[in-house]
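Enquirer: Residue numbers (the numbering used here), protein chains in the order written: chain A, -18 to 90; chain B, 3 to 551; chain C, -15 to 308; chain D, 11 to 250.
Incorrect hints may appear among the rest.
[Stated by the list, open to error] Calculated lysine to aspartate or glutamate pairs in the EDC-like style (CA-CA distance at most 20 Å, straight line):
#1 D:K213 to A:D27
#2 A:K60 to D:E36
#3 C:K89 to B:D73
#4 C:K258 to D:D247
#5 B:K158 to C:D123
#6 B:K346 to B:E537
#7 C:K153 to C:D183
#8 D:K70 to C:E254
#9 C:K116 to C:E106
#10 C:K203 to C:E277
#11 C:K33 to B:E155
#12 D:K217 to A:E59
#13 C:K89 to C:E236
#14 C:K33 to B:D73
#15 C:K89 to B:E155
#16 C:K33 to B:E537
#17 C:K94 to C:D82
#18 D:K70 to C:E236
#19 D:K70 to C:E250
Since the hints were derived computationally from the structure, they do not count as laboratory data. In this text the structure is predicted, and so the values were computed from the model without any measurement.
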Amino acid sequence: MSEHNSASEPTSEQTPEHISSLGSCLAIWVALLAGTTLTVAAAFIDLGPFNTIVALTIATIKATLVVLFYMHVKYTHEKLTGLVIVSAIFFLFILLALSMADYTTRLWR
Amino acid sequence: MATAVVSDSGERETYLNSGYGLKSWLLTVDHKRIALLYLMSITFFFFIGGFFALLIRLELLTPGGGLVQSDTYNKLFTMHGQVMVFFFVIPGVPAVLGNFLIPLMIGAKDLAFPRINLLSWYLYVIGGILMIYTILNGGVDTGWTFYTPLSTEFLKTNVISAALGVFVAGFSSILTGLNFIVTIHRMRAPGMTWNRLPLFVWAHYATSIIQVLGTPVVAITIVLVALERLFHLGVFNPALGGDPLLFQHLFWFYSHPAVYIMILPSMGIVSEIVCCFSRKRIFGYKAMTLAVVGIAVIGFLVWAHHMFVAGISLYAALIFSLLSYFVAVPSAIKVFNWTATMYKGSITYQTPMLYAFGFIGLFTIGGLTGLFLACLGMDVHVHDTYFVIAHFHYIMVGGMVMAYLGGMHFWWPKISGRMYPEGWGKLAALIVFIGFNLTFFPQFILGYMGMPRRYHMYPPEFQILNVLSTAGATILAVGYLLPMIYFTWSMRYGDPAPSNPWNAAGLEWQTHSPPPTFNFDEQPVVTWEAYNYDEMDEIPEIREVPVAN
Amino acid sequence: MGHLPFWPESASTNAGNVDALYIFLLLVSGIMTMLIFTVLTVFAVRFRKRRGQRAVQIEGSNQLELTWSIIPFCVMMVFFIWGAVIYFQERTPPQDADEVYTVAKQWMWKFEHKGGQREINELHVPVGRDVKMIMTSQDVIHSFFVPAFRLKQDVLPGRYTTLWFHATKPGTYHLFCSQYCGTQHSGMVGWVVVMEPRDYEAWMSAGGGNQPLAVTGEKLFSELGCVTCHRSDTQGRGPDLAGVFGKSVLLEDGRTVIADENYVRESILEPAAKIVRGFKPVMPTFQGQVSDEQLNALVDYVKSLARPQSGQPGNTNGVATPQP
Amino acid sequence: MQTSQAAVDEHAHENPALLHHFATAEQQKNAAGLGMWLFLAQEVMFFGGLFCAYLVYRYKYFGDFGSASQQLDIRLGTTNTVVLICSSLTVVLAIRAVQLGKRMALVFWLLATILLGLAFLGIKADEYAEKFEKHHVPGPSFNYHELLPGQEKFPAAERQYANPHHAEMFFSLYFAMTGMHALHMIIGVGLFGFLAYKAWRGKYTPKYYTPIENAGLYWHFVDIVWIYLFGLLYLIDRHR
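Could you build the full structure based on these sequences and the hints that come with them?
Expert: Pasting the structure below:
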């Protein structure tokens, strides 16, 4: 059955699974909590239009941390995972951007 | 390599005889059996939708509307649309032929997730039952598009059960797409590189991307419609500050790419057939693969061309019109490449090839009239008229159904282990082609004349063209019934099929007809490019089954 | 085009433009179709299976792929530009067009002319003049479609959409609702009657005793108490409306908007949505208190304030004071 | 047929979790992983429709969204964010435990996750109840004029004339988005309950723990959705 091996993506033979160290798990956890504190604090400061930008930036940083470390994307040898994530974000962007292309250019707005 | 001759002894175990009884079918995880389950349920819905279509055409024989009430007529076209779109055209090719053939074509034992595959059939059935319930409970008259605020605030019919049916069927579609992507990535046989994949597989890969990324948007939109109807949320209700155009944006974000879910797999079928019956490599394999993926991706960028007169901004209309032309390029490439494939070929005209010819011709017309609709100034006039109806029926019926029937004939020997009667096949193909054109070509003219779609009664000057169309529809109905009859007949009386009746390239032809449960006796190893017809013999003469049998 | 069978009548300037584009599209796609069909047929016959002759394998040709991508694309860009030009013409009404206010509902068309004449499912317009339709719906989405004008525009609840045409030929033409709107959708049809100017004038005055729309609007303006705040003297709590229509307005949040029909409508129904700079959001909403017809009258009155000579129905505010 | 049956049996000896149609455990694991990521991509688009609606109306009714957002309890929202982040940590620790082959630790962390998930849902239910009390649930009984303490700081004009329909739109989207999120949480909690039972039975080993890993991916995704929902729904215009 050895030749049975799939010809699919060149899988690195039996890559040892990455085991996150306890320290890094906790470090990310602390970072996420800090991000939460920061975003709540920032919301109470008047930054004008930047309030939204700051809130979304912090949310994106938090999400990135979760994806990279908690969801192990940083350690995976699989390029495909990245491709899936990127295409999901891309098509979400298309949905939002092209819809807004209509709403922001209506003359009566 | 074409020497992998398989002897077809009588008592060989196949996926068909490996188990008997209802349970062995309803609980099967074999992709081939699931494909057959789909085949039966999809055929069922095809005939339900077709029945509605016939009633519509009969009603439109006379301008005054005598056969049914307006109310009933509205339900007829709504349910025709919903049944056909969500329960036949979208799942049609992928769930039947894709399901059956993808593992065979890539040399796998099954799809990556056989149980999810079965689950998606059950979801389809649940969605279907909800649809049937909707029909039996008095129907629904939203139009298949569910436009708000009509669907949310004004209609008294079974909107929610219909919406739920579409929602559930949507998840069936998502799971099928997900399964295909994973299968194509992970389950290919040794040596089956991306550049050796048949275009049928490529087409399904592109389709699956749309299914996975597009369908959820319409799912949540439909949920919002149902919630709005139940709790009067107001997200799409202008009386509560909502914007009905937002519904249209979200709906078409899926439903335009959904058109490519319908047509891309059919393009895959046609590529296989044209190559086989020309005994040729596909012309421009790379371009063809780029084209299918290109269509899938660009197809997501063009949705608001359904909304040019809906009240969107001028600038948005401009962007979407421009982008719509981008998606036409890869479609054109495909047509040109199929044509070029035939150059210096050795062409024979078995039934599948006739359907492929029909497909290329009708798709050309359907595609070119699509350019009319992408053209802003033109669309304003023909939007929501029979021109649109004719256009998308040329793509969906002329394109998808033609290719689907072509594919069914092409792979029927593999699926059933029997040959269909070739003479009847050719006759049916001819009838379908003539009936189709007679049905839908007059509708282009009707559309430009200004006959709006979804009209129960119409001004008398449109009658001649409508009568022609109805006449065509009856012919078309005969054309569709014939294959249904002789396929059924052939399961018992057809000649036993050899493993490769067409001497076709492709892994699926190297196993038995019908294949064993795990598809191949030995794990195949691929060392050749797709469509290596230079190494294949000519198509053997097939003994014609006497027509009068 | 004359009255060919299978060709719709054309009765507006736009119809000619669209027909020309249509013929061009038909020609180009006809040539393409013929080309593909001919090649298919020739190949099908020429390369049919012959004894002892095998197919010649060809890999493909990038040059060919590029050729048949780029050339069609260039042709399509002609379609795009031509179509876009017509679309922009269709969507840009001339300044001095006659205006007809339209309210669509399940399942009828209600028209009101500036002179106050009302019609249902029949629209009388003069030949040779620009006519602008200002349309809204009371319930669901409808669509105003006149095939002889090659024009169509969805009519939305809660908002105005507009459309304009210049009829060129007297006659009676179909008016269809082309957006599915419920049970009697196919009964929501009517006629557009294009008349010679003389006949049109006669028709307009035939009813007699009609109150011009702007006058109705002015009455409403005082009945609803609008006039107590929207005054020309500086004591007014709301902006003076004279001369505002059609101009750009600077808002409290720094944006500017054009004071078009939709802006006026929104300002009546949702006063807080776009506050003019220098004012407080103190105006109450009139949502639910004015019908679509009354809104039309109010809009037309505000519009008339921007035209001191013509539609001025004898109001006190003769001078267009600058915006505060 | 015989050979493949034999192959299946042979595999069955090696690894009971290996399904017949996969050649190796590696292939099976990779397939499951890719499938899960695709499922999450699908989820992104599913929530994407809601986010699109939110974006459009926030753009149109920015001010009213701001004032309606003040009605949400930021303390409960923040608490829930923290609870979810903690639950993400417990999931990571559960996966670590199974990788290291510690069965009881795995069960413990899974149960902790379930507990945190239930805590989140409880707080959410409390918030919903409050909305019902205040008539902030969209529908016929919706009432936005009875403003609450904390609203005094607004100028009278703004308070009076904010368009209740637009506030209702905010709450419609609030309920649709958080409701859909909560539904995902409920499914997640159920899933972990199932996995905890199986883990307790010793089904998962360092060699085979794909279900735990994939459920973890799902849970993290639900966490990410909340991170955005929190920012978008609770934190608008708080400084006013």
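Enquirer: All the hints need checking, so say for each whether the structure fits it.
Expert: Outcome of the hint check:
1. D:K213 to A:D27: violated, 53 Å
2. A:K60 to D:E36: holds, 16 Å
3. C:K89 to B:D73: holds, 17 Å
4. C:K258 to D:D247: Distance of about 18 Å is within 20 Å: holds.
5. B:K158 to C:D123: Holds. K158 (chain B) to D123 (chain C) sits at ~15 Å (cutoff 20 Å).
6. B:K346 to B:E537: OK: K346 (chain B) and E537 (chain B) at ~16 Å, within 20 Å.
7. C:K153 to C:D183: Roughly 13 Å separates the two Cα atoms, so the pair holds.
8. D:K70 to C:E254: holds, 12 Å
9. C:K116 to C:E106: Given that 20 Å is the threshold and the Cα spacing comes to 16 Å, the pair holds.
10. C:K203 to C:E277: Satisfied, since the Cα-Cα distance of roughly 14 Å is no more than 20 Å.
11. C:K33 to B:E155: Judged against 20 Å, a Cα distance of about 62 Å means the pair is violated.
12. D:K217 to A:E59: holds, 19 Å
13. C:K89 to C:E236: violated, 36 Å
14. C:K33 to B:D73: The hint is violated at about 55 Å.
15. C:K89 to B:E155: Answer holds: K89 (chain C) to E155 (chain B) is near 14 Å, not above 20 Å.
16. C:K33 to B:E537: Satisfied, since the Cα-Cα distance of roughly 17 Å is no more than 20 Å.
17. C:K94 to C:D82: This hinted pair holds, its Cα atoms lying about 17 Å apart.
18. D:K70 to C:E236: Since the Cα atoms of K70 (chain D) and E236 (chain C) sit roughly 15 Å apart, the hinted pair holds (cutoff 20 Å).
19. D:K70 to C:E250: holds, 12 Å
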